[in-house]
Amino acid sequence: MAYDNYLISFDNAAGNYFPETFADANQSNAQRKNEVRAGSVSEFNFSAAANISNSVYIGASVGLVDLRYTSDSQYEEAGRAREYDAAGVLTGSNINYKLLFNQSQVTKGSGVNGRVGLIVRAAEGLRIGATFQTPTWFVIDDSYTEGLDNRGTIRGTTDSETYDFTYNLRTPLKGSLGASYVIAGQGIITADVDFIDYSSTRISTNSGNTSNELSRKNNADIKNNYQSAVNYRVGGEYKINNLSLRAGYGLNGSPYKTDEDGFFDTKMYSGGLGYRVNNYSIDLAYQRVETNNAFNPYTLSSGTGPVADAKSTFNNVFLTLGLRF
220 MAYDNYLISF DNAAGNYFPE TFADANQSNA QRKNEVRAGS VSEFNFSAAA NISNSVYIGA
280 SVGLVDLRYT SDSQYEEAGR AREYDAAGVL TGSNINYKLL FNQSQVTKGS GVNGRVGLIV
340 RAAEGLRIGA TFQTPTWFVI DDSYTEGLDN RGTIRGTTDS ETYDFTYNLR TPLKGSLGAS
400 YVIAGQGIIT ADVDFIDYSS TRISTNSGNT SNELSRKNNA DIKNNYQSAV NYRVGGEYKI
460 NNLSLRAGYG LNGSPYKTDE DGFFDTKMYS GGLGYRVNNY SIDLAYQRVE TNNAFNPYTL
520 SSGTGPVADA KSTFNNVFLT LGLRF
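If you're matching positions, the sequence shown starts at 220 in the working numbering and goes up one per residue.
FYI, nobody ran anything at the bench for these hints, they're computed from the structure. For clarity, every value in this text was computed on a predicted model and none was experimentally measured. Here a beta-carbon is modelled for each residue, glycine too, at the ideal position from N, C-alpha and C. A few of these clues could be false.
Stated by the list, open to error - Beta-carbon label-pair distances, calculated as ranges:
#, residue 1, residue 2, range
1, L519, Y457, 50 to 60 Å
2, G278, N511, 29 to 39 Å
3, S266, K530, 35 to 45 Å
4, A349, Y236, 52 to 62 Å
5, L519, S423, 27 to 37 Å
6, E365, Y475, 24 to 34 Å
7, R435, T353, 19 to 29 Å
As the list claims (entries may be wrong) - Think about it this way: if two alpha-carbon atoms lie no more than 20 Å apart in a straight line, the pair counts; the simulated DMTMM-like pairs of lysine to aspartate or glutamate are:
#, residue 1, residue 2
8, K317, E296
9, K530, D484
10, K458, E343
11, K327, D360
12, K476, D440
13, K393, D413
14, K252, D528
15, K530, D480
16, K393, D416
17, K476, D413
18, K436, D361
19, K436, D416
20, K327, D383
21, K317, E254
22, K530, E479
23, K252, E365
24, K327, E365
25, K327, D285
26, K486, D528
27, K486, E509
28, K327, D361
29, K476, D416
30, K442, E432
31, K327, D291
32, K442, D416
33, K530, E254
34, K327, E262
35, K530, E509
36, K393, E262
37, K476, D528
38, K317, E365
39, K486, D413
40, K486, D411
Build the full structure now, drawing on both the sequences and the hints.
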């Protein structure tokens with residue numbers, strides 16, 4: 220696309236491409252990227268459980284997962300470029316240019332997983348639990364569209380191209396341990412920990428040798444760049460007559476091997492209260508999620524490129540009304 224829009228040219232002697240754009244003393248290349256993402260993951264569970272002497276509880280479930288994701292982005296760059304005439308010959312002059320590189324992605328997928336869990340009443344007021352979740356086996360369809368609109372050369376907008384991919388994704392399995400303790404019938408303390416090996420994620424296709432080689436490369440990259448992580452959650456509740464006060468904290472460990480300082484950890488804070496009278500209940504909760512991300516609009520041949528670090532904060536409020544019958 221860049222070649223068709225005279226943004227790069229080919230050097231026959233050197234056997235490589237070189238840029239037609241440049242920065243001079245009067246004007247630098249300005250770069251900007253806007254991106255809008257949206258998505259959802261829905262899961263339907265079929266469960267069964269057993270109670271052994273009111274001291275051991277066993278459960279199992281099968282989950283059917285539906286995945287939806289969309290992304291629309293536009294990379295914008297403005298600067299100076301060498302000018303070509305209508306015949307594609309250099310004029311010797313320089314002109315201003317502005318390019319808009321548009322990308323769109325639509326992802327749809329479905330998957331299946333399983334869970335088994337165990338809760339034991341170890342002592343009065345103390346419960347200990349363990350859960351094992353299998354990987355989720357997904358079949359995913361990706362549709363990726365890109366187009367380039369260059370203003371300032373003899374070419375205008377290139378036709379958008381769409382690429383469709385179908386592949387299999389296996390997510391990591393997860394093991395969890397948890398415990399809760401009731402204090403004097405008024406307070407409760409809970410703690411949970413998850414163990415996840417992100418490097419065990421795998422991608423596969425059934426589209427021939429080229430796709431299989433790409434899958435092997437992607438799986439090698441996953442193994443080399445991702446690691447095991449531990450997630451923690453602690454919380455407490457205190458009851459005053461019909462009123463319950465709650466607070467909690469959680470931390471999801473970074474999946475990246477190079478993140479020794481925990482920059483990509485996700486932190487979660489929560490608080491809330493609940494009120495119950497007879498068979499009615501109302502619960503109000505607040506959750507704050509803090510996470511960091513890194514974005515790079517492109518990668519140079521050297522493997523480097525500009526990186527923007529972004530800190531995101533999400534504030535959520537939940538209101539729940541209940542009726543027991």
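Hint numbers contradicted by this structure: The structure breaks none of the hints.
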